[in-house]
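*Asks:* Chain by chain, the residues:
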Amino acid sequence: MTRQMTGAQMVVQALKDQGVDTVFGYPGGAVLPIYDEIFQQNDIRHFLVRHEQGAVHAAEGYARSTGKPGVVLVTSGPGATNAVTGITDALMDSIPLVVLTGQVPTFMIGNDAFQEADTVGITRPCTKHNWLVKETDRLSGVIHEAFHVATSGRPGPVLIDIPKDVQFASGAYTPPAKADLGHYQPRVKGDQAAIEALVALMETAKRPIFYTGGGVINSGPSASQLLRELVDATNFPVTSTLMGLGAYPASGKRWLGMLGMHGLYEANMAMHGCDLMINVGARFDDRITGRVDAFSPGSQKAHIDIDPSSINKVIHVDIPIIGDVGHVLEDLLRIWKARGRKTHKEGLKQWWADIDDWRRIRCLDFTPSKKTIKPQDALVRLEALTKDHPNRFITTEVGQHQMWAAQYLGFEDPNRWMTSGGLGTMGYGFPASIGVQVAHPDALVINVAGEASWLMNMQEMGTAAQYRLPVKQFILNNERLGMVRQWQELLHGERYSHSWSEALPDFVKLADAFGAKGILCTDPADLDDAIMEMLNHDGPVLFDCLVEKHENCFPMIPSGEPHNKMLLGENADTSSAIGNTGAVLV
Amino acid sequence: MNALKIKKGATSHSAYNLRSNFSDTQEQHTLAVVVDNEAGVLARVIGLFSGRGYNIESLTVAEIDHEGKRSRITVVTTGTPQIIEQIKSQLDRIVPVHEVHDLTVEGPSVERELALFKVAGAGEKRVEALRIAEIFRASVVDSTLESFVFELTGTPEKIDAFADLMRPLGLVEVARTGVAALSRGAGA
Ligand SMILES: Cc1cc2nc3c(=O)[nH]c(=O)nc-3n(C[C@H](O)[C@H](O)[C@H](O)COP(=O)(O)OP(=O)(O)OC[C@H]3O[C@@H](n4cnc5c(N)ncnc54)[C@H](O)[C@@H]3O)c2cc1C
Ligand SMILES: Cc1ncc(C[n+]2csc(CCOP(=O)(O)OP(=O)(O)O)c2C)c(N)n1
Numbered sequence: 293m294t295r296q297m298t299g300a301q302m303v304v305q306a307l308k309d310q311g312v313d314t315v316f317g318y319p320g321g322a323v324l325p326i327y328d329e330i331f332q333q334n335d336i337r338h339f340l341v342r343h344e345q346g347a348v349h350a351a352e353g354y355a356r357s358t359g360k361p362g363v364v365l366v367t368s369g370p371g372a373t374n375a376v377t378g379i380t381d382a383l384m385d386s387i388p389l390v391v392l393t394g395q396v397p398t399f400m401i402g403n404d405a406f407q408e409a410d411t412v413g414i415t416r417p418c419t420k421h422n423w424l425v426k427e428t429d430r431l432s433g434v435i436h437e438a439f440h441v442a443t444s445g446r447p448g449p450v451l452i453d454i455p456k457d458v459q460f461a462s463g464a465y466t467p468p469a470k471a472d473l474g475h476y477q478p479r480v481k482g483d484q485a486a487i488e489a490l491v492a493l494m495e496t497a498k499r500p501i502f503y504t505g506g507g508v509i510n511s512g513p514s515a516s517q518l519l520r521e522l523v524d525a526t527n528f529p530v531t532s533t534l535m536g537l538g539a540y541p542a543s544g545k546r547w548l549g550m551l552g553m554h555g556l557y558e559a560n561m562a563m564h565g566c567d568l569m570i571n572v573g574a575r576f577d578d579r580i581t582g583r584v585d586a587f588s589p590g591s592q593k594a595h596i597d598i599d600p601s602s603i604n605k606v607i608h609v610d611i612p613i614i615g616d617v618g619h620v621l622e623d624l625l626r627i628w629k630a631r632g633r634k635t636h637k638e639g640l641k642q643w644w645a646d647i648d649d650w651r652r653i654r655c656l657d658f659t660p661s662k663k664t665i666k667p668q669d670a671l672v673r674l675e676a677l678t679k680d681h682p683n684r685f686i687t688t689e690v691g692q693h694q695m696w697a698a699q700y701l702g703f704e705d706p707n708r709w710m711t712s713g714g715l716g717t718m719g720y721g722f723p724a725s726i727g728v729q730v731a732h733p734d735a736l737v738i739n740v741a742g743e744a745s746w747l748m749n750m751q752e753m754g755t756a757a758q759y760r761l762p763v764k765q766f767i768l769n770n771e772r773l774g775m776v777r778q779w780q781e782l783l784h785g786e787r788y789s790h791s792w793s794e795a796l797p798d799f800v801k802l803a804d805a806f807g808a809k810g811i812l813c814t815d816p817a818d819l820d821d822a823i824m825e826m827l828n829h830d831g832p833v834l835f836d837c838l839v840e841k842h843e844n845c846f847p848m849i850p851s852g853e854p855h856n857k858m859l860l861g862e863n864a865d866t867s868s869a870i871g872n873t874g875a876v877l878v
Numbered sequence: 106m107n108a109l110k111i112k113k114g115a116t117s118h119s120a121y122n123l124r125s126n127f128s129d130t131q132e133q134h135t136l137a138v139v140v141d142n143e144a145g146v147l148a149r150v151i152g153l154f155s156g157r158g159y160n161i162e163s164l165t166v167a168e169i170d171h172e173g174k175r176s177r178i179t180v181v182t183t184g185t186p187q188i189i190e191q192i193k194s195q196l197d198r199i200v201p202v203h204e205v206h207d208l209t210v211e212g213p214s215v216e217r218e219l220a221l222f223k224v225a226g227a228g229e230k231r232v233e234a235l236r237i238a239e240i241f242r243a244s245v246v247d248s249t250l251e252s253f254v255f256e257l258t259g260t261p262e263k264i265d266a267f268a269d270l271m272r273p274l275g276l277v278e279v280a281r282t283g284v285a286a287l288s289r290g291a292g293a
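Here the protein sequences come in this chain order: W and G. No gaps in the numbering here: position 159 of the first sequence is 451 in our numbering, and each next residue is one more. No gaps in the numbering here: position 58 of the second sequence is 163 in our numbering, and each next residue is one more.
Bear in mind the hints are in silico, worked out from the structure with no lab data behind them. Do not rely on the hints blindly, as some may be mistaken.
Taking lysine-lysine pairs in the PhoX-like style, the calculated list, with each CA pair at most 20 Å apart, reads [as the list claims (entries may be wrong)]: (1) W/Lys498 - W/Lys666; (2) W/Lys498 - W/Lys545; (3) W/Lys605 - G/Lys193; (4) W/Lys545 - W/Lys666; (5) W/Lys426 - G/Lys174; (6) W/Lys360 - W/Lys308.
Can you make the complete structure from the sequences, with help from the hints?
*Replies:* Spelled out as structure tokens, the structure:
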């Protein structure tokens with residue numbers, strides 16, 4: 293027995309059947325029938341953003357912090373094109389999203405109709421898959437398939453373009469159980485022989501390292517659990533990309549901190565000098581590898597990844613294992629245990645001694661100032677005052693503040709850290725914090741921001757105010773496009789071409805204008821009190837933290853250098869480093 | 106800060122210096138890609154090649170199973186072994202792609218292409234064109250007093266060779282279908 297309903301009703305029914313209770317969107321002519329249905333029900337909450345890009349980032353924040361797909365609803369033409377940046381961001385960072393766009397009626401497609409854009413054409417390269425649905429009968433089936441594609445294998449954004457006449461017309465509703473999910477069924481189990489080969493290498497490696505990434509987070513909390521068990525049982529050191537922070541706890545003994553361009557000295561040195569690199573759900577991004585031909589020259593490399601196209605894309609690996617992190621780690625752990633839990637204890641002892649030498653450099657040390665707030669200091673204080681909060685989530689914008697947040701804040705659990713890594717989208721953090729807060733109404737949600745990034749989606753103040761979302765906007769205001777300025781200083785002869793944040797608003801007044809709370813902090817001595825004031829305020833807060841304007845973010849691996857050629861801040865104690873560096877290079 | 110040793114005023118520095126550690130020998134491969142015959146599927150495949158900077162030497166596409174709504178795309182591409190592997194895995198993750206076969210490595214295969222050649226001329230050249238066409242077993246599908254259209258089926262190399270011979274004899278236009286290819290033997 294099939295149920296007949298309109299296309300617009302199908303959208304709402306299919307979302308409900310997929311367990312969706314939250315949609316971020318913005319209405320317009322081509323989606324009015326769907327908005328009409330949303331109006332007439334109470335199961336799905338719709339959050340009205342102030343710009344479609346904001347809707348997509350909010351959905352990303354929602355998705356990353358819950359493990360569920362985020363859902364977006366926008367109109368045709370400008371609604372769809374405004375969403376493109378967010379969709380691309382989600383593709384790069386493997387975030388599952390289902391984006392619904394309205395389209396002009398089927399009989400007008402191709403006529404340059406009002407607010408017509410070739411949405412499937414525009415979004416083909418920035419979605420995992422997309423559909424233009426021209427028959428109402430197919431609509432519900434496509435929506436179910438869309439959720440399947442977005443969430444299985446390597447997650448990503450999908451888009452369904454729905455012409456207005458399809459929303460009005462009636463058709464037969466297909467429930468999820470009856471839907472044809474197509475042949476898309478990525479493999480999750482890793483090849484046993486390859487896993488055994490990796491175990492054999494783990495048993496003899498003297499300088500092993502786990503290099504973990506966003507794939508561990510994508511795989512779900514149990515994958516992080518397995519990773520912890522494996523790391524602690526083997527006593528191997530572990531580092532992570534920007535996207536994988538929290539999979540292994542920052543307080544863990546074997547944690548080396550983030551690696552890569554702005555990663556920690558010990559993490560990068562260990563990657564450079566290891567003899568066995570076990571990549572778990574990371575993709576050898578160029579922020580990690582630096583100069584490819586000098587990347588970890590002496591190691592054998594294993595790579596666990598669900599997407600075969602990630603394997604051997606950048607770095608040749610010796611043991612590729614295609615599968616889901618959770619599934620593969622489970623097998624890996626089981627086989628390693630069954631073969632007698634062997635590791636090279638002597639080698640590991642020396643390896644940890646090397647690592648401890650590198651740690652002694654204290655690459656994140658800085659001199660706090662009594663006059664101006666150092667951005668690092670602001671984050672150290674923020675960390676001290678919030679790390680024991682039972683339910684803390686951090687989002688970031690893009691720039692120096694993002695890197696400092698990754699360096700100075702500690703993440704104990706997965707899904708607590710949302711940042712735009714692959715696309716590096718300024719303007720991501722504020723709407724993302726809104727999405728996180730919507731998903732976790734009682735949590736402490738802080739967006740660590742730079743003033744320039746924050747301004748890119750500041751219109752979302754309206755959203756935060758309307759829904760009384762107590763998101764804390766922690767703006768490290770250096771009145772500069774700091775990251776750009778740093779590159780200009782280091783790579784472009786100190787020619788600061790257009791890297792100033794001119795004509796900045798008074799953020800306190802700006803907050804006030806939206807009925808939110810604004811706090812200005814300029815004196816290091818006031819920092820703690822000001823942060824506490826922010827935390828204690830039950831509502832959205834704009835925290836304008838005026839920081840040192842010309843601070844650089846270190847460590848930094850500069851222009852095409854290998855991992856062992858890092859630039860360090862002036863406080864790092866390099867005296868003991870040199871000898872060890874040479875030792876590791878061989 | 107000066108650890109970078111970049112002179113004040115220097116311009117040519119960036120963080121990208123990504124020399125790859127893979128082999129750089131170029132190989133030509135023929136790929137057969139079985140896809141759902143749905144709107145936009147060809148755009149997805151072509152967009153992948155243009156978006157990621159891969160080469161397309163030849164491309165043919167046609168429906169091969171009307172009932173099952175499947176099409177077969179045959180792509181001839183060149184690249185380093187690592188790029189060829191990337192192309193295959195990238196193709197394979199397009200949702201409506203069912204199968205990707207690398208006919209160049211999956212055992213022996215046959216490749217054929219059909220081409221039409223318009224050759225115009227008179228006298229000796231016209232006679233010579235007809236003679237060569239016979240040698241190649243090209244058939245005449247149109248003729249006027251001053252022109253022929255030849256039809257030729259064969260490997261791309263054979264078609265190239267024929268075109269080279271026709272050029273001095275008054276070749277006006279060529280139309281080629283691109284390569285269709287199948288593996289030899291009973292298996293699919
Ligand atoms: C200003 C700036 C500076 C940056 N600096 C750094 C830096 O210093 N260090 C750093 O690390 N990053 C840095 N980044 C981020 C960087 O650009 C990349 O986004 C990041 O390194 C990629 O992380 P990842 O390798 O974990 O891959 P992700 O993009 O998270 O990809 C995940 C990988 O795991 C796979 N995967 C997904 N799901 C699964 C599953 N279930 N099972 C198995 N595999 C799966 C995917 O196929 C993919 O290959 C910076 C970004 C910006 C904007
Ligand atoms: C949309 C977008 N435009 C441009 C850039 C290039 N970019 C990267 S960081 C940065 C400066 C960010 O400044 P701010 O938000 O103030 O952070 P800071 O680096 O000062 O901490 C710019 C312009 C980008 N990443 N995203």
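*Asks:* Does each hint fit the structure? Answer for all of them.
*Replies:* For each hint, the structure was consulted:
Restraint check: the Cα-Cα separation between W/Lys498 and W/Lys666 comes to about 40 Å, which exceeds 20 Å; the hinted pair is violated. Restraint check for W/Lys498 and W/Lys545: the C-alpha separation of about 18 Å stays at or below 20 Å, so the hint holds. For the given pair, W/Lys605 sits about 12 Å from G/Lys193 by alpha-carbon distance, which is consistent with the 20 Å threshold. A hinted pair counts as satisfied when its Cα atoms are at most 20 Å apart, and W/Lys545 with W/Lys666 does not qualify at roughly 28 Å.
In summary, the hint linking W/Lys426 to G/Lys174 is supported, as the alpha carbons are separated by about 17 Å, within the 20 Å threshold. A C-alpha spacing of about 14 Å is found between W/Lys360 and W/Lys308, which places the hinted pair at or below 20 Å, so the restraint holds.
Comparing the model with each earlier hint shows violations of hints 1 and 4; every other hint is respected.
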